[in-house]
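Q: Chain residues, written in single-letter form:
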Amino acid sequence: MEDYLQLKHISLSYHTKEGEVLALSDIDFSVQKNEFVSIVGPSGCGKTTILSLIAGLLKPTSGEVLLDGEKITKDTSIGYMFQRDNLFPWRTIYKNVTIGLEIKKKKKDKESLERVDELLKKYGLYDFKNSYPNQMSGGMRQRAALIRTLCLKPKILLLDEPFSALDYQTKLSVCDDVHSIITKENQTAILVTHDISEAISMSNRIIVLSKRPATVKCIQTIELGDIQTPLKRRESPKFSKYFDLIWKELSNEKEETS
Amino acid sequence: MKKRKQVNYSKEHKRYLKNLKIDKFTTILAQVLLLVVLIGLWELLTAVGVLDAFFLSSPSRMMVQLVDLFQNGSLFYHIGITLYETVIGFLVATILGTLIAIILWWSRKLRKILDPYIVVLNALPKIALGPVIIIWVGAGTMAIITMCILICVVITTLSMLSAFLSCDEDKISLMRSMGASKFQILTKLVIPNALGEFVSVLKINVGMSWVGTIMGEYLVSKAGLGYLIVYGGQVFQLDLVMASTLVLCILACIMYLFVGILEKRVGKHKE
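These protein sequences, in sequence, are chains A and B.
Residue numbering for the first sequence is 1 to 258, as defined by the working numbering.
Residue numbering for the second sequence is 1 to 271, as defined by the working numbering.
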């Protein structure tokens with residue numbers, strides 16, 4: 001299969017008055033179409049920075065990012081989900097979900113609007129389209145945030161710890177929700193998380209990063225058989241094996257530093 | 001989801017609601033009583049001669065004065081002039097201050113360059129500019145409005161700028177990831193996000209614009225409530241001073257109420 005997203009020898013340094021900090025060093029990996037990849041690593045290692053690079057919000061110091069064979073520009077359609085849903089409290093759910101269309105000046109585009117309605121109906125938010133975010137539960141809000149990105153038919157979805165602000169119970173069910181939406185819509189997704197179980201339960205592959213300056217430490221393919229929901233994947237006997245593997249990779253990392 | 005109003009409350013809840021009502025009622029009652037007692041005492045003590053009505057005026061004398069002003073037609077004339085100056089000053093300062101804040105939000109460089117100037121302007125007592133204003137725009141209504149604008153505009157700029165800058169970085173990144181231009185980020189995110197702060201600024205400006213106008217009228221005026229107060233003071237007519245002050249209180253209250261209504265509309269949907 002051809003590589004859909006390619007990060008080619010990416011390095012990035014930050015400049016501050018105190019000096020230059022190398023955040024990413026020679027990051028090199030690729031993601032296939034419709035694949036779900038997670039990135040885990042010690043906190044502060046630059047996981048979010050990698051997403052910002054893919055989204056085109058930051059430019060690498062060296063190396064390049066190619067999506068579908070092309071360089072990322074302002075017009076590349078990218079879906080970005082954050083830790084918090086970032087719904088605008090002064091807009092109704094419908095207006096929140098369609099803000100991307102407004103930005104792209106497609107507010108009157110019939111096809112896009114039909115897709116919005118279809119997504120809202122399919123994922124149980126149609127009845128709440130005139131509600132305001134503060135009237136909804138955390139899970140529903142996160143689903144709305146996902147639909148907001150899907151409206152623009154993103155080429156790739158970037159998830160930056162989107163479940164970490166939710167309580168454990170909600171987190172498990174929202175994980176299932178989001179995972180099923182992403183699979184149904186045939187989206188390619190990259191998830192950044194510090195939660196190893198979350199990463200294993202959702203992804204096809206896991207990229208383990210080293211501490212700063214971050215490099216790709218190892219890439220672990222997760223094979224838990226047929227398509228299953230994240231919750232069921234957590235029950236698989238192989239699950240704990242993968243957990244140990246990645247846990248060890250990450251704790252090695254800590255020992256080396258101390 | 002918000003819960004619908006339930007009809008069948010438990011006894012405890014009914015008692016709770018009743019207590020709430022009683023609490024609210026007694027508060028308002030005490031507020032009214034306080035006012036009545038103060039006015040009553042004032043009237044009583046001046047009537048029996050414990051306090052000198054010449055220095056303190058009295059509620060009845062204030063009323064007589066107001067009726068007098070009303071009958072010779074000058075009450076609404078003076079109110080009209082002061083109100084006109086205040087409202088114009090208030091509107092111009094609010095709009096101008098917000099526009100300056102938008103420009104400063106837009107350009108980080110300009111913000112950095114102008115920062116010390118704004119700080120100094122904010123600290124400067126604007127009344128000190130009184131003579132300069134009179135020379136530049138003439139001793140008339142324009143001078144009063146200019147004073148009013150000067151007093152409100154700096155604080156408006158500072159408050160709005162800090163509201164614009166406090167916009168959540170994640171939300172800005174979100175807009176950028178969807179390909180939003182800077183102008184779109186401004187109009188769709190930064191400005192609506194600062195609406196709550198804008199209402200607070202309006203509230204501050206209601207108070208400040210009255211300060212500006214009355215101060216302006218103290219400096220130069222031929223009419224208006226500030227003029228009546230200064231004039232009353234000069235001829236030792238405390239009735240006039242007190243009556244005009246009372247009218248000012250009422251006007252400021254009304255303007256504040258308007259902003260209050262606006263606040264309720266804006267503040268409906270917060271995070």
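None of these hints come from the bench; they were simulated from the model.
In this text the structure is predicted, and so the values were computed from the model without any measurement.
There may be inaccurate statements among the hints.
[Said to hold, decoys possible] Looking from chain A toward chain B, a few residues come up when the C-beta cut is under 7 Å (computed): (1) K74; (2) G100; (3) L231.
[To be verified] Below, computed lysine-lysine pairings styled on DSSO-like, alpha-carbon distance capped at 27 Å: (4) A:K104 x A:K59; (5) B:K188 x A:K106; (6) A:K110 x B:K11; (7) B:K109 x A:K59; (8) B:K24 x A:K74; (9) A:K106 x A:K121; (10) A:K107 x B:K182; (11) B:K11 x B:K24; (12) B:K11 x A:K105; (13) A:K108 x A:K122; (14) A:K105 x B:K182; (15) B:K171 x A:K129; (16) A:K155 x A:K129.
All C-beta atoms, glycine included, are put in the ideal place defined by N, C-alpha and C.
Q: Hints first: check each against the structure and report whether it holds.
A: How the hints compare with the structure:
no.	hint	result
1	K74	holds, 5 Å
2	G100	holds, 5 Å
3	L231	violated, 25 Å
4	A:K104 x A:K59	holds, 23 Å
5	B:K188 x A:K106	holds, 15 Å
6	A:K110 x B:K11	violated, 55 Å
7	B:K109 x A:K59	holds, 22 Å
8	B:K24 x A:K74	violated, 56 Å
9	A:K106 x A:K121	holds, 20 Å
10	A:K107 x B:K182	holds, 19 Å
11	B:K11 x B:K24	holds, 20 Å
12	B:K11 x A:K105	violated, 56 Å
13	A:K108 x A:K122	holds, 21 Å
14	A:K105 x B:K182	holds, 15 Å
15	B:K171 x A:K129	holds, 21 Å
16	A:K155 x A:K129	holds, 25 Å
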